[in-house]
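Visitor: One-letter residues, chain by chain:
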Amino acid sequence: MVIVIIGSSIASKSALETLLPGMKKEDRVIIVTRDRDLFYSRVLLPNYISGELEKKDLFFASRDLVDDRRVSVVNEAVLAVDADNKELRLNSGNTVRYDRLIITAGASPTGVNVDGEHLPGVFYLRDLEDAEGIKDRAKRAKSCVVLGGGLVALKAATAVKKSGAQVKLIVASSRLLSAIADETVSRLIFGSLSAEGIDIRLGASIKQIGGNGQGVRYVALEDGTVIDADMVIAGKGVKPNIDIVKGTGIAVERGILVDAGMETTVKGVYAAGDVAQSMDYLNTRTGLFTLWPDAAQQGRIAAGSILGLEREYTGGLSMNSFVINGMPFIIIGSIREKDIKGCEVYSNFDERRQVYRKIVIRDGKPVGAAFAGDISYAGMVYWDIRAGRAVEEPGKYITKAGLKQIFTSRLF
Amino acid sequence: MSGSVTVSIQKDKCTGCGLCRLACSFDKNGVFNPNASRIWILDGDESGFYPNICRNCEEAPCLDACPAGALVRRREDGYILLNSEKCVGCNMCVMVCPFCAIGRMGDRNFKCDTCNHLEKCARICPHGAIQFEKPAHSRANKRRKLAGLLTAKTGGKEKW
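One line per chain: the protein sequences are S and X, in this order.
Heads up, the first sequence is in our numbering, so the first residue is 1 and it goes up one at a time.
Heads up, the second sequence is in our numbering, so the first residue is 1001 and it goes up one at a time.
Keep in mind the hints are simulated off the structure, nothing from the lab.
C-beta atoms are modelled at their ideal positions from N, C-alpha and C, and glycine is treated no differently.
Keep in mind that the hints are not guaranteed to be accurate.
As the list claims (entries may be wrong) - Here are the computed lysine-lysine pairs in the DSS-like style, where the Cα-Cα straight-line distance is at most 30 Å:
| no. | chain 1 | residue 1 | chain 2 | residue 2 |
| --- | --- | --- | --- | --- |
| 1 | X | K1028 | S | K56 |
| 2 | X | K1086 | S | K365 |
| 3 | S | K24 | S | K267 |
| 4 | S | K267 | S | K135 |
| 5 | X | K1086 | S | K55 |
| 6 | S | K365 | S | K341 |
| 7 | S | K236 | X | K1086 |
| 8 | S | K396 | X | K1011 |
| 9 | S | K207 | S | K142 |
| 10 | S | K139 | X | K1028 |
| 11 | S | K135 | X | K1028 |
| 12 | S | K56 | X | K1011 |
| 13 | S | K341 | S | K236 |
| 14 | S | K25 | S | K55 |
Unchecked claim - Distance windows between CB atoms, simulated:
| no. | chain 1 | residue 1 | chain 2 | residue 2 | range |
| --- | --- | --- | --- | --- | --- |
| 15 | S | E76 | X | R1123 | 49 to 57 Å |
| 16 | X | E1076 | S | A390 | 52 to 60 Å |
| 17 | X | R1144 | S | N91 | 45 to 53 Å |
| 18 | X | D1077 | S | R254 | 41 to 49 Å |
| 19 | X | R1075 | S | E393 | 37 to 45 Å |
| 20 | S | T95 | X | G1030 | 53 to 61 Å |
| 21 | X | R1123 | S | A390 | 54 to 62 Å |
Next up, chain S with everything else stripped away, as it sits in the complex (with noise of 0.2 Å):
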């Protein structure tokens, strides 16, 4: 049997590793990907940029997990998936033919769509080769304009200022991380970006970017407000790469659509990780989980279903933890406002501390909590809300004393 897997981050690595062991001494694994490095960390590319981290840093696993007389890597990218003769047409025209497919083939970022997105010192922050070339303008550049509230354009826009130049972040949103954060996490993230150095303009558009041979010169808004800069970072988003199943039975909505096995809706086609749509946790609704645990998981699952195992995705559940200027944050499931109209919520702020807590309850079951400045406890939180686990006290979801309290009770 040939397996032939599509990508070689998270999602990749984890179902080599699962097939590995599982696999006939005859069966074969062709991995296909248009990465020059294997199984490098995308999460870490700010690191990368702001020099905390070596290009050698970036890999999250070693790349003697290939050297396997069973397996073999072509780095080429793929073209199109032909399901009905089992096998990828790649760029270079040549064919690669598998009885097992497994798609890791992720996302790419959403185009800015404005005059001058394509002048030299645009770019957008995906692939390590993005990150060097980011990198090497930073050097030079004095002034950096990054585009986007969300977390990929927070962490561009901190790297880059760690190496030295000035930056501005414009977001078209009137609030940071619009996506998932609730106003109180906007606010606090507003103001650690800004003891920063980072200059920040919600609600702004931009209109165009201006420049000449050598590069960027300029961004001009919406609003008529032009803002000088010698490198654009975009972080508008990503959308799942699907192109490459177009025209097949395999079916997409927003991303490939997978069953609880990772199945795709064509048989013996697996999809997994950012590339993939999938369950949701409370199996409501399906939807793109763009989060290294699940990319981890979903590529470990698909591999168990080629291998006959019998294991399930739990479903997926909105999560990210991050860092910005020395405050840890974590979001977990849904505290939006907009989103959780009708629940009960609780949630306190510690003005002189610095520490936000909130929970949010539905139907007498936890759908989303928020840390900021101390994350104590949060793992146990994670665990109620992915487990629906009813919520006795919920005053008690938003102190210190309180978490450890329910923690504590259940250890005994």
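Chain S is already provided as a structure; the job is to place chain X on it using the hints.
Guide: Same frame as chain S, but now just chain X:
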């Protein structure tokens, strides 16, 4: 994970004296500072004390959560080790640990590494409340029961 050594907590024996935390912080950081300890003591009031430490879960959510490759399970003994050289302190592991047994100091996360089988906390405990041992079947069940309780799992298929 046959042949692996596991942590067993005898909560009835813990007096909350805190010697384990001092031994741990001294071994790991060269200071007697409970805040640097990788073992925590939870005060259950009338129920007594509970020394809480990483259990090296059989299906450990932290292993899936780390985007830096800093958390790995050592093949020989099943222990999950956090490589502080690779850790970037993102707290992803903290967010998913049902035992709340991963901490953070400076810009790194940290957890128990068993002092490379020297288990300073267990050795210093005058009451035998912490034991590292080959899992007896009953204890393994007890451990699974607690893990199940904290993650509210009822058993079955894929887990984390």
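Visitor: Look at each hint and say if it fits the structure.
Guide: Okay, the hints, checked on the actual structure:
With a CA separation close to 26 Å, the supplied pair K1028/X and K56/S stays within the 30 Å bound. For the suggested pair K1086/X and K365/S, the alpha carbons sit about 37 Å apart, so the restraint of at most 30 Å is broken. Note on K24/S and K267/S: the hinted pairing holds, with a Cα-Cα distance of about 20 Å set against a maximum of 30 Å. Among the hinted pairs, K267/S with K135/S is inconsistent with the structure: their alpha-carbon atoms are about 43 Å apart, more than 30 Å.
Distance check on the hinted pair: K1086/X and K55/S sit about 12 Å apart at the alpha-carbon level, within 30 Å; holds. As the CA atoms of K365/S and K341/S are separated by approximately 15 Å, the hinted pair is consistent with the 30 Å bound. The straight-line distance between the Cα atoms of K236/S and K1086/X is roughly 29 Å, inside the 30 Å bound, and the hint therefore holds. Between K396/S and K1011/X the alpha-carbon distance is near 24 Å, which keeps this suggested pair within the 30 Å criterion.
Restraint check for K207/S and K142/S: satisfied, since their Cα atoms lie roughly 22 Å apart, inside the 30 Å limit. A distance of roughly 38 Å separates the Cα atoms of K139/S and K1028/X; the hinted pair therefore is violated under the 30 Å criterion. Simply put, K135/S and K1028/X have alpha-carbon atoms about 35 Å apart, too far for the 30 Å limit, and the pair is violated. In summary, the hint linking K56/S to K1011/X is not supported, as the alpha carbons are separated by about 43 Å, beyond the 30 Å threshold.
Proposed proximity of K341/S and K236/S is supported: the alpha carbons are some 27 Å apart, at most 30 Å. Under the criterion of a C-alpha separation no larger than 30 Å, the hint pairing K25/S with K55/S is inconsistent with the structure, at around 35 Å. At roughly 55 Å, the beta carbons of E76/S and R1123/X sit within the given window of 49 to 57 Å. The hint said 52 to 60 Å for the Cβ distance between E1076/X and A390/S, and at roughly 41 Å that hint is violated.
Checked against the hint of 45 to 53 Å, the C-beta distance between R1144/X and N91/S comes to roughly 49 Å, which is consistent with it. Distance hint check for D1077/X and R254/S: the Cβ-Cβ separation is about 43 Å, which falls inside the suggested range of 41 to 49 Å. Look at R1075/X against E393/S: about 43 Å separates their beta carbons, and that is inside 37 to 45 Å. Judged by the Cβ atoms, the range 53 to 61 Å given for T95/S and G1030/X holds: they are separated by roughly 60 Å.
One distance hint, 54 to 62 Å for the beta-carbon pair R1123/X and A390/S, is violated here, with the actual separation near 41 Å.
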